[in-house]
Structures are given as C-alpha cells and as structure tokens.
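Sequential numbering from 2 applies to the sequence shown in the working numbering.
It should be emphasised that the hints constitute simulated quantities derived from the structure, not laboratory data. By construction, the Cβ of each residue, glycine as well, lies at the ideal position given by its N, Cα and C atoms. Hints may be right or wrong, so weigh each one.
Heads up, simulated DMTMM-like pairs for lysine to aspartate or glutamate below, C-alpha to C-alpha not over 25 angstroms straight-line [said to hold, decoys possible]:
hint: 1; residue 1: Lys30; residue 2: Asp95
hint: 2; residue 1: Lys44; residue 2: Asp33
hint: 3; residue 1: Lys103; residue 2: Asp33
hint: 4; residue 1: Lys50; residue 2: Asp82
hint: 5; residue 1: Lys30; residue 2: Asp96
Simulated DEER-style distance windows between Cβ atoms [unchecked claim]:
hint: 6; residue 1: Thr45; residue 2: Gly83; range: 16 to 22 angstroms
hint: 7; residue 1: Asp95; residue 2: Trp59; range: 20 to 26 angstroms
hint: 8; residue 1: Arg75; residue 2: Gly39; range: 35 to 41 angstroms
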Amino acid sequence: MVLQKEGKWVNMDEEVGRVPGGNPNVSKKPMDQRLLRGNLALKTSMVAKLPIRVIHHWECFNKNNNGLKGSKGRHYKYVYDGLYFVASCQQERDDNGLLVFKF
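With the hints as extra help, turn the sequences into a complete structure.
Rendered as structure tokens:
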C-alpha cells in the first residue's frame with residue numbers, strides 16, 4: 002500500500018483492515034474481492050480526498066503483555082500510526098488467480 006502522509010509518500014508493506022473475499026487457506030470458498038466494506042471505505046476516502054486512520058495490531062504471545070483480550074484467550078496490542086491519504090486503487094490477480102484490491 003502506498004499512502005501520502007503529511008506531504009510525503011509512504012510505502013506501507015501491509016494491508017489496512019479486513020477485506021471481503023474468500024481465502025483458500027481457510028474454510029471460506031475462494032472468490033474475487035468486491036468493492037464492499039473496507040475496500041469501499043478506502044476507495045471512497047481516496048475519491049473524496051479524506052484521510053484514513055491507520056492502526057496496526059498484532060497478537061501478543063507472552064501472557065504478561067497487557068494487551069486487549071480477544072477471542073480464545075488471545076491478547077492483542079494496538080498502535081495508532083496516524084492519518085494517511087490513499088494514493089491509488091487498483092485490482093490485480095493474486096497467486097491464486099483471484100482479483101484483489103490493492104491500495
């Protein structure tokens with residue numbers, strides 16, 4: 002993902018949010034991503050030239066970390082990274098031949 006932050010271009014190597022569409026590595030049937038939910042919100046923000054908030058999260062494996070408790074007893078940490086502008090949106094085929102949105 003390439004975003005613009007405070008007048009500078011930033012290349013982020015991770016996706017923002019969850020997007021609809023199947024994943025062959027889990028139980029959902031694989032399918033092309035559609036412009037819904039997270040994808041639609043990112044596209045709308047890009048067209049309207051509105052910033053998005055970027056929040057990173059990761060799972061904590063050490064039980065002594067004071068992360069937020071999620072399902073199945075997992076703990077998560079969240080870090081606010083700032084406001085960004087979405088610079089571009091395109092659809093490409095992934096390794097499984099499915100269409101995915103790239104921002």
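Hint by hint, which ones does this structure get wrong, listed from lowest number up? The structure breaks only hint 8.
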